[in-house]
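Asker: Residue numbers (my numbering), protein chains in the order written: chain B, 1 to 365; chain C, 1 to 188; chain F, 1 to 280.
Keep in mind the hints are simulated off the structure, nothing from the lab. Among these hints, one or two may not hold up.
Said to hold, decoys possible - Computed list of lysine-lysine pairs in BS3-like fashion (alpha-carbon distance at most 25 Å, straight line):
hint: 1; chain 1: B; residue 1: K177; chain 2: F; residue 2: K140
hint: 2; chain 1: B; residue 1: K162; chain 2: B; residue 2: K95
hint: 3; chain 1: B; residue 1: K161; chain 2: B; residue 2: K110
hint: 4; chain 1: B; residue 1: K264; chain 2: B; residue 2: K162
hint: 5; chain 1: B; residue 1: K95; chain 2: B; residue 2: K161
hint: 6; chain 1: B; residue 1: K110; chain 2: C; residue 2: K91
hint: 7; chain 1: B; residue 1: K356; chain 2: F; residue 2: K153
hint: 8; chain 1: B; residue 1: K30; chain 2: B; residue 2: K65
hint: 9; chain 1: B; residue 1: K264; chain 2: B; residue 2: K161
hint: 10; chain 1: F; residue 1: K85; chain 2: B; residue 2: K10
hint: 11; chain 1: F; residue 1: K232; chain 2: F; residue 2: K153
hint: 12; chain 1: B; residue 1: K332; chain 2: F; residue 2: K232
hint: 13; chain 1: F; residue 1: K173; chain 2: F; residue 2: K232
hint: 14; chain 1: F; residue 1: K81; chain 2: B; residue 2: K10
hint: 15; chain 1: B; residue 1: K22; chain 2: B; residue 2: K95
hint: 16; chain 1: F; residue 1: K153; chain 2: F; residue 2: K140
hint: 17; chain 1: B; residue 1: K110; chain 2: B; residue 2: K162
hint: 18; chain 1: F; residue 1: K140; chain 2: F; residue 2: K173
hint: 19; chain 1: F; residue 1: K85; chain 2: B; residue 2: K348
hint: 20; chain 1: F; residue 1: K192; chain 2: F; residue 2: K173
hint: 21; chain 1: B; residue 1: K348; chain 2: F; residue 2: K81
hint: 22; chain 1: B; residue 1: K332; chain 2: B; residue 2: K22
hint: 23; chain 1: B; residue 1: K22; chain 2: F; residue 2: K153
hint: 24; chain 1: B; residue 1: K65; chain 2: B; residue 2: K22
hint: 25; chain 1: F; residue 1: K232; chain 2: F; residue 2: K192
hint: 26; chain 1: B; residue 1: K10; chain 2: B; residue 2: K332
hint: 27; chain 1: F; residue 1: K153; chain 2: F; residue 2: K173
hint: 28; chain 1: C; residue 1: K91; chain 2: F; residue 2: K140
hint: 29; chain 1: F; residue 1: K140; chain 2: B; residue 2: K348
hint: 30; chain 1: F; residue 1: K81; chain 2: B; residue 2: K332
hint: 31; chain 1: B; residue 1: K177; chain 2: B; residue 2: K162
hint: 32; chain 1: F; residue 1: K192; chain 2: B; residue 2: K356
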Amino acid sequence: MYVAVKGGEKAIDNAHQWLDEKRRGDVSIKELTLEQIREQLPLAVNRVMAEGSLFDPDLAALAIKQSSGDLIEAIFLIRAYRTTLARFGMTQPIKTENMACIRRISATFKDAPGGQILGPTFDYTHRLLDFQLAADGERGNLEPADTPVAEQMPHITDYLKKEGIIQSEPVTGTQPKDLTREPLELPAARALRLQALTRGDEGFILGMAYSTQRGYGRNHPFVGELRVGQVEVEMDIPELGFAIEIGEIEVTECETVNQFTGSKTEPPQFTRGYGLTFGHNERKAISMALVDRALRWDELGEDNEGVPAQDQEFVLYHSDNIQATGFLEHIKLPHYVDFQSELELIRKLRTEALAKVDTLPEDAS
Amino acid sequence: MTQSYEGGFASPSHDAARAFRSLMNAMAKPGRPFDMSGATGPMPMSDAAAATVLTLCDPETPLALMGAWNCEDVRNWVTFHTGAPLVDAAKAMFVLGDWATMLPLDQFNNGDPQYPDRSATLIIECTQFTHAAHELSGPGIQTTQTFDVPDLFAFQSNAAQFPLGLDFVFCTTSQVAAVPRSTQLQEI
Amino acid sequence: MNDYNFGYLDEQTKRMIRRAILKGLAIPGYQVPFASREMPMPYGWGTGGVQVSAATLIPEDTFKVIDQGADDTTNAISIRKFFEKTSGIDVTETTSQATVIQTRHRIPETPLTEDQILVYQVPIPEPLRFLEPSEVETRKMHALEEYGLMHVKLYEDISRHGAIATSYAYPVKIEGRYIMDPSPIPKFDNPKMEMAAIQLFGAGREQRIYALPPYTQVVSLDFEDYPFEASKADHACNICGAENTYLDEVIIDDAGGRIFVCSDTDFCANNQTAGEGKPQ
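Turn these sequences into a full structure, and let the hints guide you.
Answerer: Here it is in structure tokens:
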């Protein structure tokens, strides 16, 4: 007699145990420490912090270790943890003009006050595997690099603003909605869109940005400025009556200068796209700026070309990799009830269709 | 003045869960009373209304206190226990008072065609429930349910706006009953 | 004792969900937006149902979780364990003993009572989504009660296939107003939705909650000449002999031999012990 499969609980426990063993790998090899991950895989840590929406390098390192290096899984761990945290208050907006920049480049001006600072970048590395890293790992025989840090660098776009040739971004002073505390309502204001983009999947945002470059909503971006560095985070303390610094975080900021528009009331002027992420993450910040700019078609009086990057519902509903991966992977779950209903339906439809064919008159077949 | 600090749920997580069960049953089964306790508010708040407010209100829910309920004791208590912003009738998500303080009903938000859930919920204090004059039907009611509302026409008009409309939670000392907008009413 | 707040969620989140549930009950079939939280399980795996259950459970409850009608499917086990760990509540596999039942894809065969609550996990709450991908548009359609698109779709099915080609997540109309997605239950279960229990629907990723009070009118969409039919495999259960339950088809050998067994494992087990069954 047929007996239904049981023992799912045991199977789950065993799966978790096995997963632990796979994560640890060969136990004769020294276990990875969180400090090693934090210090030696900082760009992975940055991505997890950015898309996890939580600035905590140690927790991000833990998440990366726990997830065996699956960064989306690590982001998920951070998000689930973040949701449970109490909110003590809101910080003031960070002042990126006061950033201690380790990198600051502009593609629009050869030089500008403060100068170009190349900083630590892969940009001009030749992508050749460095077998010396494989051999002994350390590069101790090299001279230490110059590590200039430039404080108080003016924003490049400010020069265009002084000339009145770039669209100004008025300070509204209104408190933006919080994407993680209120359901998304469309159309979404720019502040909300930027929240979604900065925590959106790097690959998705990159793909969307790339699509605008290839003509699906082209907006002719120049990297007006890209800067990376530490900024102070300040918070108002009601008991004190003023704001105090509660810490510093590393961020990457990108401002694009885009092709001008004009209207009956406004002369032609440049427009902007904006990207900001936790940590050093240039690809994400630039991509974000391009997609931000594409989504602004309506407020700037541009045509809706009907391309994906202009469609805020399309972008905002599909950029979150935790939502996407959960729903995608849920099709692994049993669906045999639904499949059974489809089986019955298709059998019935086929039977009926075949019966019809059988009864057709000879000359009609 | 220690009164505003007293009267909250003794075990917030468990008490709020039980109070919500009563509220949910009330909203799902219009006109049927369910026990409601666990909190004590200052006069003229009933215990049932106090528990209802604690279960549903917080800094995200603008609350309007009407008539005698808009007194210092109640304001302090509500602010201390829930942090709900106290607002005028038109902006309220929740409203607390007795029937006389609620009129006219068109001062409250009755929702948006795209978001009918954004209408106000009125928490109405009353001395007791009676079941003689009005007969309810609709979702949550198998055949009919008797429950007397303060003004039949007002409730019929509210139901006629469906899916827009206000939802009503009635509170006695220790019980709640609800009449949502989906309920049809008639005289017996 | 454990370190979690009762029901895992913080109180403010539970209040937000509870408010959405009350509005959902007041407007049966309307999808209430709610600020779904990131749960420690993936979106698409029941986070909506889990949040609704978490906001609904009381310490005295007895909780049952089924997936595909069965208590022993892996995700049902996982969700049941989550609540045992974070709420310390009693759990059961017996439908009649449960006060709250969380389900994915099925309604239990045993009729539910007024003292029970059925919580559905919902992947895509919008019944019009596959006809119109834009949320902005579908929200307008619900507001204007403009459901022509759905009728056109069903009619096209008939002209192409001679029948409505929807076998699960079969759309229903609630109290003559809102068209609602019943979640991906087989259409066999649709008639059960006019029931004594409160029904709550949670879609976590899509941030929607909706609800049906007891005895709410639920009509499966159809046409006069093509009436709705709650179909199932034309077999009896090979284990308990039941003839009016939804069946899983199980392939039992390489030759493609197959048997049919109740998808509702609790019902099947009870039916066997009741001695009414005719095991084969």
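Asker: Now tell me, hint by hint, if it's right for this structure.
Answerer: Consistency of the hints with the structure:
1. For the given pair, K177(B) sits about 23 Å from K140(F) by alpha-carbon distance, which is consistent with the 25 Å threshold.
2. For the hint linking K162(B) to K95(B), the alpha-carbon distance of about 19 Å falls within 25 Å, and the restraint holds.
3. Note on K161(B) and K110(B): the hinted pairing holds, with a Cα-Cα distance of about 18 Å set against a maximum of 25 Å.
4. A threshold of 25 Å between alpha carbons decides the hint, and for K264(B) with K162(B) the separation of about 22 Å falls inside it, so the pair holds.
5. The suggested pairing of K95(B) with K161(B) holds, with an alpha-carbon distance near 18 Å, which does not exceed 25 Å.
6. At most 25 Å may separate the alpha-carbon atoms for a hinted pair to count; K110(B) and K91(C) exceed this at roughly 55 Å.
7. Distance restraint check for K356(B) and K153(F): the Cα-Cα separation of roughly 23 Å lies within the 25 Å cut-off, and the hinted pair is therefore satisfied.
8. This hinted pair checks out: K30(B) and K65(B) have alpha carbons roughly 14 Å apart, not beyond 25 Å.
9. Distance check on the hinted pair: K264(B) and K161(B) sit about 20 Å apart at the alpha-carbon level, within 25 Å; holds.
10. Restraint check for K85(F) and K10(B): satisfied, since their Cα atoms lie roughly 17 Å apart, inside the 25 Å limit.
11. The hinted pair formed by K232(F) and K153(F) meets the criterion: a straight-line CA distance of about 23 Å does not exceed 25 Å.
12. For the hint pairing K332(B) with K232(F), the CA-to-CA distance comes to about 24 Å; that is within 25 Å, so the pair holds.
13. Restraint check for K173(F) and K232(F): the C-alpha separation of about 22 Å stays at or below 25 Å, so the hint holds.
14. Among the hinted pairs, K81(F) with K10(B) is consistent with the structure: their alpha-carbon atoms are about 12 Å apart, no more than 25 Å.
15. This hinted pair does not check out: K22(B) and K95(B) have alpha carbons roughly 44 Å apart, beyond 25 Å.
16. In summary, the hint linking K153(F) to K140(F) is supported, as the alpha carbons are separated by about 18 Å, within the 25 Å threshold.
17. At most 25 Å may separate the alpha-carbon atoms for a hinted pair to count; K110(B) and K162(B) meet this at roughly 18 Å.
18. Taking the CA atoms of K140(F) and K173(F), the gap is about 17 Å. The hint holds against a cut of 25 Å.
19. With a C-alpha separation of about 45 Å, the suggested pair K85(F) and K348(B) falls outside the 25 Å cut-off, and the hint is violated.
20. Restraint check for K192(F) and K173(F): satisfied, since their Cα atoms lie roughly 14 Å apart, inside the 25 Å limit.
21. The straight-line distance between the Cα atoms of K348(B) and K81(F) is roughly 40 Å, outside the 25 Å bound, and the hint therefore fails.
22. For a cut-off of 25 Å, the pair hint linking K332(B) to K22(B) stands: about 21 Å separates their Cα positions.
23. With a CA separation close to 49 Å, the supplied pair K22(B) and K153(F) exceeds the 25 Å bound.
24. Among the hinted pairs, K65(B) with K22(B) is consistent with the structure: their alpha-carbon atoms are about 12 Å apart, no more than 25 Å.
25. Between K232(F) and K192(F) the CA atoms are separated by roughly 14 Å; this keeps the pair inside 25 Å, and the hint holds.
26. A distance of roughly 19 Å separates the Cα atoms of K10(B) and K332(B); the hinted pair therefore holds under the 25 Å criterion.
27. The hinted pair formed by K153(F) and K173(F) meets the criterion: a straight-line CA distance of about 15 Å does not exceed 25 Å.
28. The suggested pairing of K91(C) with K140(F) holds, with an alpha-carbon distance near 24 Å, which does not exceed 25 Å.
29. A hinted pair counts as satisfied when its Cα atoms are at most 25 Å apart, and K140(F) with K348(B) does not qualify at roughly 36 Å.
30. Among the hinted pairs, K81(F) with K332(B) is consistent with the structure: their alpha-carbon atoms are about 20 Å apart, no more than 25 Å.
31. Distance hint between K177(B) and K162(B) is unfulfilled; the C-alpha atoms sit about 31 Å from each other, more than 25 Å.
32. At roughly 34 Å between alpha-carbon atoms, K192(F) and K356(B) are farther apart than 25 Å, so this suggested pair is violated.
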